[in-house]
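Undergrad: In case you want the letters, here they are:
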Amino acid sequence: MDTLTVVFLVYTFLAFYLLFLFCLIYVQNKSRMYEIPLVTKQYALSIVVPCYNAEKQIGETIQTLLNSDYKGLKKIIVVDDCSTDNSYKIAKKFEKKHPGLVLVVQTPKNTGRAAGSKNYGARFVKTDLIGFTDDDSRPKPNAIRGMIGFFDDSTVGAVTSRILVLNREKFIARLQAIEYKVIAFTRKLLGFVGAIYVTNGPLSIYRKTAFDKVHGFDIKNLTEDIEITWHMVAEGYKVHMALSSSVYSIVPDNAKAWFRQRIRWNVGGMQTINKYKMAFLKVGMLGSFILPFFVLSWVLGIIGLAVLVYRIGRIFIIRYLSTKLSIETQTAILTLREINLTPSILLFFGVVLFILGFVFTLLALAYSREKEFKNHGIFSILMYTFVYLLVYPVLLIVSLWEFIRGKQSW
Amino acid sequence: MLKSSKHVFWEALLITVVVFFFGLLIGIAYEGSRLDEVNQYYAVSEISLMDAFVLGSNTDLGNVSCSALIDSNIKFADRIYEEARILEQYEAAGKVTDSLKLAHKKYDLMRTFLWANSIRTLEKCGNDFDVIVYAYEYETRDLAKKATQNVWSKILYDLKQERGESIILIPIAVDSNLASLDSLLDGFNITQFPVVIINNKIVLSEVTSVSELENYLDK
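If you read the protein sequences in the order shown, they are chains F and B.
Number 359 in my numbering belongs to position 359 of the first sequence; there are no gaps in the numbering.
Number 203 in my numbering belongs to position 203 of the second sequence; there are no gaps in the numbering.
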């Protein structure tokens, strides 16, 4: 067996393991996917909305929070991070209209990232629970209520929601709409084993005592929402996800913005791994699964890309040299005889893995049907599977480079 | 409150091990079936080889005509040429076991035998046919060499298609570690492969077009 075959088999084994793990968790919990604990206590809740140059969205974001059917929502704190547009003025109008419920504050100087304004806003929170919503996010009216019941368990530190994509005009946004649904489905499954690794920015709620215990968000981290989740898990708190609590968010609709966002996510993830590396195989679910899972996913992606580039690179070089020689000697560049259709065991494994992965994607989408939008077209699903996912490893490589270079800016 | 089951990690591992193990078993069995198929071909070819060899011996006694001997050699060469192609395709798809490598070596030995037999036939029966030996490196990692071998294969195949039954085409992997083959090659002072040896006289190390090869054959 050659080295490449061994690498491929190890890769396949790990990929099968993760896939079977998710399938098993699903089978064992499928009747509980949308289960939410009843709200037995109206916990007082404040929602902090970090805002920067969001004059086009901030009004609607505040309005959707005002439309929430959760009676314990006591405060909506909009933190303007020294916007240069009319965001502050717009938010102030809501404060005037809803005195006592909406509070608009401004950071003394621009903090440069969401974590800074989130922590600033947290200073004004006196309630049992503290939630966060991005300035371009729109929680559904029942979203918050669906998350509250989890806090009856005193060991629960955070509850997160399902993000759905609001802007779907562009194709790249439609692909992200599929991706977000698969992520939400997967995250819910991880929740059943206590392995949720991120509480998203568009809508997550934290127990205030837990939030204070971990000293809020790490402002040095580019993905403060991943870092705080790991911190809470490391402190022994449980993290849950309410699949029925949906929040619509606006995603990047051009390749450049998308690429920058993904680099930031990955670099932030790497910063978090670096910060908690000592927990590897030590600290509860963080060290025994979340951290290895994170690392493994990335290693698999990078190895997969490396093997692919190596194989394609070799084929390309041989093909180039052969073509050159074939032209010189007036021989056919490609003949049917050269095409080898004899299947190998590796192909068999690859096909099975691909089919299972595709079925998993379809299952995730079947669990995330929306009244507001049409179902995803088969073309989009195929593009997501065959093209979009293949870009992930490339992002990882670039992110790794940026991480090594010490990228710190958004 | 929601419960979580940590057993699922071990259950998933068990399922993965079982699926993977059976997958590998299927793979080994599948590759084994190809080996059986190749062995079947080999057994039949071995009979043909012996037949050609005995025919050659009979010629010495004057019982058999040269045309029958040449015909026998060419048919045998064509047969193992096609079988070699099948073997190479199976080998390229064989990932779990190395069993086909042994079959490849056996075929190389058979082709060496054919080459030796062809030399004798050439000596006995003159220039009514041509013997082209294509000596290449089977396990080379050198990409330029792989590309060169790829082109040589196509050129020789085209030549065979054009010249049909007047050519005995014998491709042999020189890295099979066969003493008989090494001794045959020693006589040509070859320093690097691939090379094409025409009628045991001309050695070509540079890739040459079909028409140029035909010129060599017609000399």
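For the record, the hints were derived by calculation from the structure and aren't laboratory data.
Warning: the hint list may mix true and false statements.
Stated by the list, open to error - So the derived list for chain B, only partly shown, Cβ under 10 Å to chain F, looks like this:
#1 33
#2 35
#3 43
#4 46
#5 152
#6 203
#7 207
#8 210
#9 214
#10 217
Glycine included, each C-beta is placed from N, C-alpha and C at the ideal position.
Undergrad: Which of the listed hints are broken here?
TA: 1, 2, 3, 4, 6, 9 and 10
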